[in-house]
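Number of protein chains: 2
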Amino acid sequence: MGETYELYYWPGIQGRGEFIRLAFEDAGVPYVDVCRARGGVARMEKLRRGAAPGLAPLAPPFLKVGDFVLAQTAAVLHFLAPRLGLVPEDPRQQLHAHQLQLTIADFIAEAHDTHHPIAVSLYYGDQKREAKRRAVHFRDERLPMFLGYFERALERAGGEHFIGGAHTYVDLSMFQVMSGLAYAFPRRMKSLARRTRRLRALQGRVAARPRIAAYLASERRLPPNEHDLFRHYPELDAA
Amino acid sequence: MGETYELYYWPGIQGRGEFIRLAFEDAGVPYVDVCRARGGVARMEKLRRGAAPGLAPLAPPFLKVGDFVLAQTAAVLHFLAPRLGLVPEDPRQQLHAHQLQLTIADFIAEAHDTHHPIAVSLYYGDQKREAKRRAVHFRDERLPMFLGYFERALERAGGEHFIGGAHTYVDLSMFQVMSGLAYAFPRRMKSLARRTRRLRALQGRVAARPRIAAYLASERRLPPNEHDLFRHYPELDAA
Numbered sequence: 214m215g216e217t218y219e220l221y222y223w224p225g226i227q228g229r230g231e232f233i234r235l236a237f238e239d240a241g242v243p244y245v246d247v248c249r250a251r252g253g254v255a256r257m258e259k260l261r262r263g264a265a266p267g268l269a270p271l272a273p274p275f276l277k278v279g280d281f282v283l284a285q286t287a288a289v290l291h292f293l294a295p296r297l298g299l300v301p302e303d304p305r306q307q308l309h310a311h312q313l314q315l316t317i318a319d320f321i322a323e324a325h326d327t328h329h330p331i332a333v334s335l336y337y338g339d340q341k342r343e344a345k346r347r348a349v350h351f352r353d354e355r356l357p358m359f360l361g362y363f364e365r366a367l368e369r370a371g372g373e374h375f376i377g378g379a380h381t382y383v384d385l386s387m388f389q390v391m392s393g394l395a396y397a398f399p400r401r402m403k404s405l406a407r408r409t410r411r412l413r414a415l416q417g418r419v420a421a422r423p424r425i426a427a428y429l430a431s432e433r434r435l436p437p438n439e440h441d442l443f444r445h446y447p448e449l450d451a452a
Numbered sequence: 214m215g216e217t218y219e220l221y222y223w224p225g226i227q228g229r230g231e232f233i234r235l236a237f238e239d240a241g242v243p244y245v246d247v248c249r250a251r252g253g254v255a256r257m258e259k260l261r262r263g264a265a266p267g268l269a270p271l272a273p274p275f276l277k278v279g280d281f282v283l284a285q286t287a288a289v290l291h292f293l294a295p296r297l298g299l300v301p302e303d304p305r306q307q308l309h310a311h312q313l314q315l316t317i318a319d320f321i322a323e324a325h326d327t328h329h330p331i332a333v334s335l336y337y338g339d340q341k342r343e344a345k346r347r348a349v350h351f352r353d354e355r356l357p358m359f360l361g362y363f364e365r366a367l368e369r370a371g372g373e374h375f376i377g378g379a380h381t382y383v384d385l386s387m388f389q390v391m392s393g394l395a396y397a398f399p400r401r402m403k404s405l406a407r408r409t410r411r412l413r414a415l416q417g418r419v420a421a422r423p424r425i426a427a428y429l430a431s432e433r434r435l436p437p438n439e440h441d442l443f444r445h446y447p448e449l450d451a452a
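Those sequence lines, one after another, are chains A and B.
Under the working numbering, think of the first position of the first sequence as 214, with each following residue one higher.
Under the working numbering, think of the first position of the second sequence as 214, with each following residue one higher.
Honestly, the hints are just simulated from the structure, not real lab data.
A quick note: this is a predicted structure, and the numbers were derived from the prediction, not measured.
Fair warning: there could be bad hints in the mix.
Any copy will do: because identical chains look the same in the list, a pair fits if it lies in one copy or spans two.
Pairs of lysine-lysine, DSBU-like flavour, derived with a Cα cap of 35 Å [to be verified]:
id, residue 1, residue 2
1, 259, 403
2, 403, 341
3, 277, 259
Working from the sequences, and respecting the hints, build out all of it.
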């Protein structure tokens with residue numbers, strides 16, 4: 214039981230925690246989604262305040278294995294993936310997977326800021342005007358820029374997988390990004406369909422993986438909602 | 214010569230490249246700052262378009278060693294630090310250093326967005342109203358939150374160094390963050406002086422390290438300016 218994987222993340226959203234959940238689910242490796250049980254959020258807050266020895270996390274998601282606590286989604290995946298068989302053994306391929314995951318992190322932070330361009334402490338309704346303005350630039354400039362980069366990276370890697378011709382956590386993460394964008398920006402994503410052919414095919418292949426399909430159909434997969442990273446506000450979307 | 218370290222970054226700013234420059238300078242390990250020589254930016258653009266085998270970087274800074282190209286500042290430092298003697302050998306301490314560097318990356322992205330809350334493609338002057346609104350929340354909420362976290366992390370680690378009681382690249386990076394904030398938000402940083410005592414002492418110790426002091430006095434250290442990540446716009450600062 215010393216090697217129990219405990220994931221700490223907000224219980225009501227997919228958010229950044231979902232990238233880690235998908236890795237565990239795909240690998241079929243047991244993990245405890247701590248905050249979804251009674252008292253879990255209080256345990257999370259204790260760890261944030263420094264209840265475990267060493268460096269405390271600033272924010273969820275974070276992982277706890279024994280007394281080792283590690284935060285930052287991409288760092289957690291970089292640590293976990295070799296243990297879960299979700300990245301090749303070659304250290305340079307692991308670094309390239311990590312580079313892509315960090316670029317995904319940049320991308321989703323920008324996607325988040327379309328609905329929160331002024332402050333995370335304000336409601337969306339209190340920054341709606343700025344959100345509308347930012348969303349235009351996101352849809353017209355940033356979204357095609359990032360997706361074009363990932364589409365080309367996938368093409369260069371052979372079209373099926375991002376890293377080393379093998380299924381990795383980066384494929385899982387890209388599935389999550391594409392799902393989130395399709396939920397938040399359905400009109401814009403439709404107009405980009407031809408330019409994201411490989412990414413959409415990858416999304417479909419990941420969704421069809423038996424363990425992922427079972428997970429998506431389960432109650433463990435939280436539905437998207439307007440407290441999440443990806444939010445559907447029709448006024449922020451356009452073809 | 215196969216192991217020459219080539220750094221690719223914009224030649225006129227400190228920016229994110231500076232975190233990598235500081236690591237090389239402190240270690241006293243030679244590196245080529247490619248874009249500061251004639252034709253360097255063109256070489257950088259070729260690599261971004263995929264001139265080297267494997268994964269291409271989306272954006273600078275990136276490192277090239279032989280034919281291995283690695284992007285994302287924090288990933289580059291995670292790769293380089295053991296080679297430069299700037300992190301302990303323990304893998305968990307390396308992951309904690311990386312976690313802190315990624316939290317620094319989140320922080321500086323927010324600092325950047327105070328002057329660019331709407332779009333990187335627009336001039337500051339075209340998003341000044343939104344910038345003023347965002348800067349209030351950054352100064353009053355995010356800046357104390359992040360600095361409070363780093364101050365406590367430093368205190369918990371013994372007060373001198375962030376990781377394992379040893380000098381690491383995280384100390385160098387925090388020096389850069391504190392320098393950038395002092396330039397961009399001098400009034401606010403002054404009002405936070407008491408709450409950032411350990412961070413400011415660390416900043417002073419790093420600046421006094423012989424190789425860093427020599428670097429800061431050299432022409433290799435670019436002066437801060439209003440094309441950089443940290444910009445001084447007096448209207449965005451307040452006590």
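Hint check results:
When the C-alpha separation of residue 259 and residue 403 is checked against a cutoff of 35 Å, the pair qualifies only between copies, where the shortest distance is 31 Å, while the shortest distance within a copy is 43 Å. Taking the closest pair of Cα atoms, residue 403 and residue 341 come within 35 Å of each other both inside a single copy (24 Å) and across two copies (33 Å). Taking the shortest alpha-carbon separations for residue 277 and residue 259, only the intra-copy value of 13 Å comes in at or below 35 Å, while the best inter-copy value is 42 Å.
Figure legend: structure checked against the earlier numbered hints; every hint is met.
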